[in-house]
Every structure is written in structure tokens, then in C-alpha cells.
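Trainee: One-letter residues, chain by chain:
2 protein chains.
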Amino acid sequence: MALELYERLCADDRRPSPYCWRARLALAHKGLKPDYRTVKFTEADRVAFSGQSKVPVLVDGEAVISDSWNIACYLEDHYPDAPSLFDGSGGRAMARFVNLWVDHGLQKALSSILAPYALAAAHPDDRTYYRQTREARYGESLEALATKRAVFLEALNPVLEPLRQRLNESPFFCGERPAYGDYLIFAEFQWARSVCDQDILAAEESALRVWRSCMLDLFDGLARSVTAYDTAA
Amino acid sequence: MALELYERLCADDRRPSPYCWRARLALAHKGLKPDYRTVKFTEADRVAFSGQSKVPVLVDGEAVISDSWNIACYLEDHYPDAPSLFDGSGGRAMARFVNLWVDHGLQKALSSILAPYALAAAHPDDRTYYRQTREARYGESLEALATKRAVFLEALNPVLEPLRQRLNESPFFCGERPAYGDYLIFAEFQWARSVCDQDILAAEESALRVWRSCMLDLFDGLARSVTAYDTAA
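Which chain is which? The protein sequence lines are A and B, in order. Counting with our numbering, you get residues 1 to 233 for the letters of the first sequence. Counting with our numbering, you get residues 234 to 466 for the letters of the second sequence.
Just so you have them, the derived chain A footprint on chain B, three or more residues with Cβ under 8 angstroms:
1. 314-328
2. 331-338
3. 390-403
4. 408-420
Derived from the structure by calculation, the hints contain no laboratory data. As the structure is a computational prediction, the values presented were derived from the model and not from experiment. From the three backbone atoms N, C-alpha and C, an ideal C-beta is built for every residue, glycine too.
Sequences are here, hints too, so could you generate the full structure?
Mentor: Take a look at the structure:
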């Protein structure tokens, strides 16, 4: 049966979307290898069959699932014999909270830093769309946003503190082995290295660097296999 | 066998410590009713038997456990037939991350608002200690900190966003029923209502207010049973 993941395509065949990386890594965790289908920002009609306009969208035979969280839950429920993404009902509930913290905390802190770079990384066909939507969101030009990079990096610092603390206790956020909580967080770092030629982590972030490198190695280097900057090599 | 919880005592018999509330609620979740032993900030010698100076400390027969996270794990492991605090190994791992996010995110945002109030709520014997340690931490007087309350409340607003989002999906952070993730977060709100006569939540925070009220009702109103301001009634 067809297993297809519709994901965002950017310039130079880049695949930066953190939401799509959540799905990519969840699929790999379950031992599943989808065919990738690409969707530019201005090609929302390509996923209209899913009843909405965003990626990722997973097609698994007759099933069509949109939204990265729904995809993770679908995989957990329909592939119960493969390694667990959540390790129990409590893990699913708390991972959902971590998902929302990533969306409204970590990603928000990162997006102010990355948006100007993401413009250059956007597919040429999407750059007008990307500029217009992001400048409307931030209320200023992406060039003006870029001038405040140092301020945003400073604001990111305390947001990373719970991550540092956790990695001082165990090699992965989910403990001895990576699971969905790790994918939620790593997807943001993968977004960063996909669009930005300057590392968002300072040289002294040793625990985060070690973890990020381990995450890049997972699943035969899945996250290393795409076009990206080697800032996190 | 003796079951005793050593916790912080403040003025008017108040028990504001969020760390101690994590332990109080975890014990209640397991159906356990400890005897409470009080410790002022300047009475660290009262828990010296635990090999460290902080509260909470749980004494369960021969076992002595300090640190709220260690206490939660101890209760989960030694009372496996009582309702689970984590609902699985994934729940424990992710709850630990949420614990660190509370410590370094939510609590940090709240402490700037609450510290000036906590001075008045501190036991009279502890006020000099409290002022000295907190003013050293903040690098300014508690009175100077208090003048910036509006700024700190504004900074708290985005920190609450993942909480709001989660409560739009389910009645508790842990899903249909409260578990340790709820206690971690609620303990911060209990700290607030224990020391501060002004609600930290705006009137329009409906989901958070409903959840907080439910949490106050748990275990026969355990959190309502202590001296506090009725800002969250």
C-alpha cells in the first residue's frame, strides 16, 4: 500500500519544515519509509485532498492524516508493534504539552532569528508569499528583523535552559533512547540548520551539541541526508 | 509506620512552597496522608537528617527522600497499586522535562511577580533571610522589583500560552484526569494564592481559571484547606 508524506519543498531541494521533520522522524521511529511528495507554500492545492491546506500530510493506503500531532498519534495507534513514540498514555499526554511548548515557546524564540534566513531558503516561487505573510506576522520587514538577531539570540538563551538541564540528566529528552519528545525538539534545530548558515547554538552548549549530533546520526543519518548547512556537523 | 512530610512554614501558618505542594499532591494522588512537619527557612537543621537542607523531605518508615522529583518517583515506585502519577515510562520522562520547564520557565516568570509579596508572607523569623537571599538573586531591592509588576505580568502572558492551548483540548494537562504534570503546574498557582492578594490570572483566562478551580477541589479541597488569599476562589 502507498505510504506517502507530503512535505514542504524549499530552494535547492531543502526540506526545512519542523512540522514535517516531526513526521519524518516519527515514521523512521516506526521503521516506515514513505515516499516523499513535495509541496511549495504556493501549491496548497496539492494537499487539498486532505481537506486542509498545510503540510505534513500522511497518506497510508486509504488513510489521509494531516497535522504532525495527528500523524504521530495515528502511527502510534496503527503500528503498535513497532517501537513506541510515547511509551504509554502519560507519555502521550505530556508529549502533547511539550508539543505546545515547542510551538509557542521554542519555535517562537527561534522564528524571530530564522525568518530572515528562511526567506533566502524559500523556493524562488514562494519568496513573495513568504515575505508577505511573515512581514505581516512580525509587523516589520524581514531585513529590519535581521538587524535584531543579537537581541533574539539573547532571548533564546533562557528558553534553552530546561533543555540543558534535562540533557545533564539523560542522553535524550525521553531518557536513554529517543522518542517523540526528542523529535519535537530536534525538528526545530533541523529547521535551523536547513535554512541558516550560522549556528544558533553557542560553542559552549556542549550537552545540546552532543544530543543534536546523536539526533543527526539516527536512522542511518536521516536528518544529515538532506540539503542543509553543516553548522551542526 | 511513620509517614511525614517536612514542608516550609510561613506567616499565619501559610504553606506556600510550590516544591512542597508537588509532594503534597503526589501523596494525595497515591491516597497517602502524611503528618506535616514544618520548617522555617532558618531552620534547615530540622531536615539535616536527610543529608541536605531543603524541603520537601518525605519520611516513610525507614526511607528518607528529599527533592520533590525524587519524592514523586519514590511514591510511583513504592506504591504501584495506587493510581499512577506518570502513567508509564514515557510519562515519567516527559513529566521530568515539564518539571524543568516549570522550574526554569513558569516559576522564573512568576517569581519576579511574587517575591515582593512572599516577603510579607514569610515567617517573621525568616524575613531578614528571605530579603537578603532574594535581593542577592535579583540584584535589587524587593521594593524596586515590586514597581515592575506590570512588566513582569506582561512577560508572564506568553509563558502561559502552552497552558491555555492544552486546556482547550482536555480538562487537565495530563488528559481526562489530573496526574503529576498537573501538580507540577498547579503548585505554582498555589504558591501565588498563598502569598499574593492579587490574582496573577486576568479575568479573561477562562480555561486556566476553570482548571485551577478543579485543582483546588481535588482530594476534598486539600489546596483550599490552607491559609491563602481567595483570589482563585
